[in-house]
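Use the sequences and the hints to build the structure in full.
First to last, the sequence lines map onto chains S and Y. Sequential numbering from 1 applies to the first sequence in our numbering. Sequential numbering from 268 applies to the second sequence in our numbering.
The set of hints was computed from the structure by calculation and includes no laboratory data. Keep in mind that this is a model prediction, so the values were computed, not measured. Don't take every hint at face value.
[What the hints assert, rightly or not] Derived contacts from chain S toward chain Y, CB cut-off under 10 Å, selection only:
id : residue
1  : Leu83
2  : Pro211
3  : Ala215
For each residue, glycine too, the CB sits at the ideal point set by N, CA and C.
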Amino acid sequence: MISPRLTWLHLSIHALLIGCLLAVFAMLGGCASSTPRMADVRAFAADAPKLNAYHELTERYRSAYERQQPYLAPAADLRERALDASRKQASDDFRRIDDVVQAYLQALGALAGDRRYDLRDPLKVVGTGIKAWPDTGLEDRHVNAFTGLTRLLSRAVTAPMQERAVNDLMRDASAPVQQLLDAMRKLLRLYDRSNDNEQRIVLGMLEMEIPYLDADRDRLLIALAKSHLQEKTAEYRLIGLRHTLARKNLDLIEQRHRALVESLPQP
Amino acid sequence: MSIEPHSNTQRDLETLADSLSASADGLHARLMRAIRQKMPGTSDPAISRAAAQALFANEVALRQHALGLYLEAARLAAVGLGGLQKQLLDVTAQAQEKIRKIDQIKDLIALTGELLSLAAAVATGAPEKLVAPYEKLKARVESM
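As structure tokens, this is what we get:
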């Protein structure tokens, strides 16, 4: 539903956004502490990599077809291929969510550092680029949260006072960040349920077929199939643990963010 | 009976997908039980391989419908829309209960077939297409 040209445009805008933000952080540099509150904000922002588990699981969700394909009968393969196309398209949008939340956390960390910053120009680009997003299939609330957040980031970086800029950014970003974290939590749950079904398609096929093998004639095949079933069972168990970890990390970030927002000084 | 053209919320789609997953779980348990029962005097499963494969194909199709609904729910995770009919959930719940109880493989295949056409109608998102498969499934569940 989006043309390849548009997709390319969005991807490049996205890359540009991340690039600009990285440039911002490089210029901001340093993190000598100013006040205890700023130290708290920096410590919180340093947790950004905890969102990587979400990122990994989004990638895994995206490649569900490739993993299931060897176990699918022809009719099921056809259905799964159709599903795969829309899953891949949607996942492109899903993985941008944590990119922008991570960008926010990193910007927050850089802002809470101690150096001076002056970055009017590159961030203007961010402001214009984001407008193209609503056509991608990423839904309204989402795009609004995303657009709002990038706008806030650009405003915050040009603000004169460090601590005030950090507080303003957190205060204004609190709602969109909350919504994006919410969306991530929902998506994680849906990946998890999808993973359950994928697991049962893969393991189920093996469980169902093994009893029909002939104990003498198919000895080798039986051994291989049983060993493969064990490996696959272990793989899915690990993914289950990864899901638990991703959820916990997300909860932790949400709680700490909320605590920092609640302790904001009155404007 | 009325199935009104309500739009689907993310939560409703998810619940329906959960319900289809649970039906597939029930079907799988029933299938494995049948496979473990041996033909008298042999070590061959009591149910033929073709029948087992047909049942498993239905199980996979149910799961794929669930996967499709989860994907749709994921897309809707960021927007709020209306609600899906509770009747669908009731009738799939009844079908699950039947799957648990039926011993006849033939009936089991037929029942899951009806469940599948209902799931397919849900996936098309056209409410008028829901009525026929819904009535059929309901009639089958009631006749068993």
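Legend entry - List of violated hint numbers, smallest to largest: none
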